[in-house]
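Peer 1: Going line by line, the protein sequences match chains A and B.
Numbering-wise (numbering that gives the first Met the number 0), the first sequence opens with residue 0 and increments by one.
Numbering-wise (numbering that gives the first Met the number 0), the second sequence opens with residue 0 and increments by one.
Calculated from the structure, these hints are not laboratory results.
Cut-off 25 Å, straight-line C-alpha distance, at most; resulting in silico cross-link-like pairs (DSS-like, lysine-lysine):
| no. | chain 1 | residue 1 | chain 2 | residue 2 |
| --- | --- | --- | --- | --- |
| 1 | A | Lys98 | B | Lys57 |
| 2 | A | Lys279 | A | Lys768 |
| 3 | A | Lys90 | B | Lys48 |
| 4 | B | Lys48 | A | Lys532 |
| 5 | A | Lys137 | B | Lys57 |
| 6 | A | Lys456 | A | Lys667 |
Covered by chain B, according to a simulated footprint, are these stretches of chain A (three or more residues, beta-carbon under 8 Å):
| no. | region |
| --- | --- |
| 7 | 92-101 |
| 8 | 120-126 |
| 9 | 503-513 |
Over the 12 Å line for every Cβ pair with chain A, so calculated as not near, a few chain B residues:
| no. | residue |
| --- | --- |
| 10 | Ser1 |
| 11 | Glu2 |
| 12 | Ile3 |
| 13 | Val4 |
| 14 | Lys6 |
| 15 | Glu7 |
Backbone N, C-alpha and C fix where the C-beta goes; we use that ideal spot for every residue, glycine too.
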Amino acid sequence: MSENFDNKNHENQSDPNYWRSFEELYKDENTLKSKLDEFKDGVTDDFEIDKNLSGLSRRKFLALLGASAALAGAGCSDYRDKGEIIPYNKKSEEIIIGKANYYASTCLSCENACGILIKTREGRPIKVDGNPDHPVSKGKTCAKGQASILDLYDPSRLQTPMLKRGGSFSTSDWKTTDQEILKVLNSDPSKEIAIVTHSIISPTTQKLFDDFKIKYPETQIYSYELFDNFIKNSAWQKCYNQQNFPLIKWNEAEVILSLEGDFLGIEGNKVEQVRLYSEKRDIMKGSNFNRLYVVEGNLTLTGMNADYRLRLKPDAQYDFVMGLLNEIILNKKVSQISLDNNSVSILSTFTLDTISKKYGLSKDVLNSLVSDLIKNKGKSIVYAGRSLSEKVQIAVNLLNETLGNTTLYNNNEALINSNLTDYIGFEKLTANINAGKVKAVIHFDTNPVYHLPAEFKYWDAISKSTVITFATSINETTALSNFVLPINHNFESWGDVKVRTSFYSLVQPVISPLYNTRQKEAVLLTWLSGDSKNFSETIYVDYLKNNWKSTIYPALNSLFDFERYWAGILHDGVAKINEKQQISYNFSQVALTQLDNQSESKAGYTVTLQESYTIGDGRFSNNGWLQELAHPVTKVTWDNYAAISESTAKKLSLKTNDLIEVTYNSNKLKLPILIQPGVADEMIAVDLGYGRTNSPVVANEVGFNANILLSKNSSLSRWILTGASISKVNGTYEIVSTQDHHTFDDTLIQDIHLKRNIIQEGTLSQYNKNPNFIHEKKHDAVNMYKDFEYKGVKWAMSIDLNKCLGCGDCVVACNVENNIPVVGKDQVALGREMNWLRIDRYYSGTPENPKVSIQPMLCQHCDHAPCENVCPVVATTHSDDGLNQMVYNRCVGTRYCSNNCPYKVRRYNFFNFRDHFRGGYQEQASFELVMNPEVTVRSRGVMEKCTFCIQRIMEARQEATKKNTTIKGTDVSTACQEACGTEAIVFGDMNDVESKLSKYRNHQLGYVVLEEINVKPNVTYLAKLRNTFSEEV
Amino acid sequence: MSEIVKKEIKKIERKKFFASVGIGLTGLMLFSFSPIKFIMKKDKPTKLKVSLNPLSVKRKMTGANNV
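Next comes chain A alone, as it looks inside the complex (with noise of 0.2 Å):
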């Protein structure tokens, strides 16, 4: 700077003089001059056009330009793929274009066989719901069922019979499979021809195998299943000499223990179950709400939706048992029955003071359930589940017993069986493909190499037989075959099922088969008639229909000839028949020479293993939509993992991810811990169904195969492992939750939910005290915008939180109707999951004995809906009947909205994930085959979110109009309203006072969530009630 500088410009002036740098306000020379000039020095230094420019003239850049432009014009001329559409040369009379039809089936995804109708377009089924007609499903199926249409269009589904030849596979024909099955079987007759199946649920297939055994009188039958009941069977075969446990009438019970007994989850029909059980959870009906106390040791979904859960590992649910009968029996001298001197002595060894001390009980707990149990006899049922010992089965049916609640067992309605082989049966088996006397092992859709405990060497046994094997896609079990038959999937066949009295189901094929595939039972007939030419497509339907008027039938006493009768039950899709039962129930005291006063806890680690909720036994691992779908506890997803306590993985110095080794009885399992709250202490839960091998391409290597640990040497059951060691090994491995996913914008606080009122509950007494308890705290509401008048129908939604069970079956559905992708493990990490309807999981409470709140979260379609204002393009608006709208073709995904919405309910395509998951899975030619034909297919960079399934009320609307009528409110029926199997889910006009939803509405315990911020969102929620005895949540 200058010394001869002269600011006196600026002193005592009255025009302002403005600088920028102080070399400008002290008048330095230099910056006086570079005013003048307009480039400073050197600006044009070493700008020589030669050296520094590319030599490229503006005029050639153009020429290129032009030529680029014209190849490029050139190379997109295919990009538009214009297909071909051909209308049908010769229409069927049964397909209206752009009509659906529906048909009556059966599921045949787990042995409970809900009666299903399946919605076809075109030829084609597209969607799967309950059939209202059904005695037991009533409308509704679970979420394997609605995603068994995935299956069916699987693109890696085996496609043609496959023979091993010198260690590989070639594809054959039916022709030459059938042939060389034939000399197998026509060889050497004494030995045997093992099939080994499912349970057996078919009348006609149990005739077929009796009519193979005629033929082949070497052939035995081995069933089993990976989770059966027969622990539970066979102590109810000791206590009241029958074969099956009875079904409970689950809508009577005033008070329910379960212990160890998901039955809302995963244990017995649980459609039939959720279904019975909301029955005394709605408050429409008024405030008798039944009470639940659940003790387990995992957090389970029935242990979620408890209004009082114990933490206990499974080892030790004899002590507690046996502690209750004491309690009850001896101590408050409550019993109809009278016990002989040694049981009553059993019975004194357990006292409820000291399993309540030995095992951190709560005594008020156990107190009020004491009271609950005998101010309830009768009216009450104790339930153990599937996986405890036979010993507490027994205990537990003494204790239904003695507090009189037989009158809750069904006695005009029963189960019938299923002859599962127990272990034994397969050890023999095994036994006898080693020495040679198994000439062929026939596995009839199923995949022992995978379910069966290690122990057995399954796998290497079969190598010294011949192996065929029925399989949908490839599995551990079609690796080691000789013959791979492909068989068609359920949607293609024809069956009858009958797993209860009273009544059958019809399995009846919407589509003839995709590939060359084959039913099953085709193949046994063709194999019976002795030649592959006697094949032909209704080989099956034939046999079938023989088999019905044959033995069915005649002793039915229909009014109409059998061709009528049959088409009518094929349109029912269940066949009602007069079998009724008067079923008493007289207990066994010698039952009770089972028991003793040996405590089953051990010392060490308790694993259980668990039936997924998801992909149950693994047969659904390669559906995609269900390994996507959250875990409802969890909410991982495409995993298993090791749930244990915070204070065993504190003990152990671990964290979520990390890796540990589990060993059982010389069995080892490598895999990552997840601290999950409420699990018991010095305990492992593992859901089983993963870790598959040789599997399609979702399916394979996805999670961890603890299978392994199964043993036949478990001293309490297959399940239930005690003595276990577990030990940190190095390493971490992801495990993907969705839980943290789509949060609300808040710091994270303790109990966050309960005080925005994201969630409201309260109690049952302190609703009936003040059923306005949840509206005393009023927002101060600011409106922005002037409300418009929705004139005509204004659509709206409302979910009872006392009914909803966070079991995510709506999720699916909501899946398979708007052609939701499936994204992948690497994304969900990423929080990019495409479900427009989460189940979001509130904790409350400690640890050790976490509360928990459940609430489905979707587009609330607010009336003042933050996110239409900000997109910059208008793709998002709002309908005259109260829809916020999506017009994916406008969207330029800015994600803007998907910013502003403050339920995070907006889901963005940062893929086109059809070509994104596994190398373009979903864009094989299968694929296309399942997309529901009225909604739009989004692709990459386009918004998405919950439409209200807006396609259903266009068909309504359209409907309405062709009949002259206008649209209502009860015409409609929203995709997860339709798969809820509670019918905690309500759709309607809101307009219509009359209507059901307006009564959700406008109830006491109606609440919107986030209603401080007005933007009037259209999901009412119901307040959850807990029927507790105190009024503390």
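Dock chain B against the given chain A, drawing on the hints supplied.
Peer 2: Coordinates of chain B only, in the frame set by chain A:
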């Protein structure tokens, strides 16, 4: 620059221009009409045949819970 040189430069630039357009048009013709696109990767090699089973019996959806 002399007039002759300018004319020559213009001639060369014109040649280059038309050469570029010619290449572009040739590319367009090749991709549009030649068999080259049949050698390119096909998106969906096979179409599945969908047909009804004539013995199945359909019904209406109406029922207690299915609207």
